[in-house]
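> Here's the letter readout for the chains.
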Amino acid sequence: MPDLEQQISAWRSQMLAAGIQSPVPLEELEAHLRDEIQRLTQSGLPEERAFLAAANSLGDGKALRPEFSKVNRRHWLWVYRNNPLPLKILAASFIIAGLDPLITAARFSIESLFRPEGFSFSVALPLVVIFWGFQILIGQGLLRRSNAWRRVALGWSSLILFAIISTSVWAAFHTHSPLVHVGAPEKTDILLGIEVPFMFKFSLYLLHLALMAAGLYILNQSTIRALFRRDPKTKIA
Amino acid sequence: MITKELVAASAEPLILSLLARGETYGYAIIQEIRKLSENKIEWTDGMLYPVLHRLEDRGLIKSRWAESETGRKRKYYSLKEDGKKALNKRRDQWLAVNATLTRLWKEKYA
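Going line by line, the protein sequences match chains A and B.
FYI, this note's numbering numbers position 74 of the first sequence as 74, with every residue one higher than the one before it.
To convert, count from 1 in the second sequence and add 1000; that's this note's numbering.
Treat the hints with care, as some may be off.
Only pairs whose alpha carbons sit at most 25 Å apart, straight line, appear in this in silico BS3-like list of lysine-lysine [said to hold, decoys possible]:
| no. | chain 1 | residue 1 | chain 2 | residue 2 |
| --- | --- | --- | --- | --- |
| 1 | A | K70 | B | K1084 |
| 2 | B | K1004 | A | K70 |
| 3 | A | K62 | B | K1004 |
| 4 | A | K70 | B | K1075 |
| 5 | B | K1062 | A | K70 |
Don't read these hints as lab results, they were simulated from the structure.
Nothing here was measured: the structure is a model prediction, and the numbers come from that model.
Using the sequences provided together with the hints, build the complete structure.
Pasting the structure below:
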């Protein structure tokens, strides 16, 4: 007959294998398990059966894991929950930081696709503005909370984002692109009076995009959650 | 047996109300709820913890590790100021539902 500590350590490895993480929440679950075992043995149950009953009432690791990961997924955003305003401002500043290279890139890239001068800015800007407008409205829940609306807006705006990013990446790499054609940069660019390799500037641009995506992600947490949330009604979590 | 849906809906107000009495830990919460509900509210024990973590995550409750009288480590939870406010809101909602049902049933069985 295995002794209690062996049983518990086997239980721990099962939980870990099921994706329950240590120390949080595994240590807490183990404390619970030990409390229950103690109560059952005090009421006269043999240790081994007490362990089985306690483990059973605590629940299966595979069923528990998704409940915990729902919490953990949001966990790093605790700042957002506790201080929504500062973080929103931060997110907005990321977005503003990203707007400049995005608009520039969109302008050049769309221009390169549709040649005629003047098309670029007047089309790209409203597209970008509508895109962000939608995203922010959805993210803030100001738009009517109807699923169809959200799906259309989100799908539409991701399409635009995809178009802008793909054409701007194309434009940045393509030798005949207006990025090279219109602007000064061939292989180098002047930044604060220093000659900077074009690729360095391009990676700065990518960094901008990444920051903007982070901002967007933060603003849209609720949207993303609303879209992908499974129906939680059947569990107490 | 209370339906899963109702158990799910009542979990947070029950936990908040229990914590309003004072600091306690997961296992004791399960025991106390079981006792108070006369075994009618049955939770899968492990499912309590995600709820506690979520409430903590939302800033309604806080936790700390401490040693119990038996020398074992336990995580104790207590209500924060925001949790008290949330509890009051929940309380009003539950009382409203309860009052409505009571009035309806009075009509029917009076």
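> For every hint, state whether the structure bears it out.
Tested hints:
no. : hint            : in the structure
1   : A:K70 / B:K1084 : holds, 24 Å
2   : B:K1004 / A:K70 : holds, 19 Å
3   : A:K62 / B:K1004 : holds, 19 Å
4   : A:K70 / B:K1075 : holds, 20 Å
5   : B:K1062 / A:K70 : holds, 19 Å
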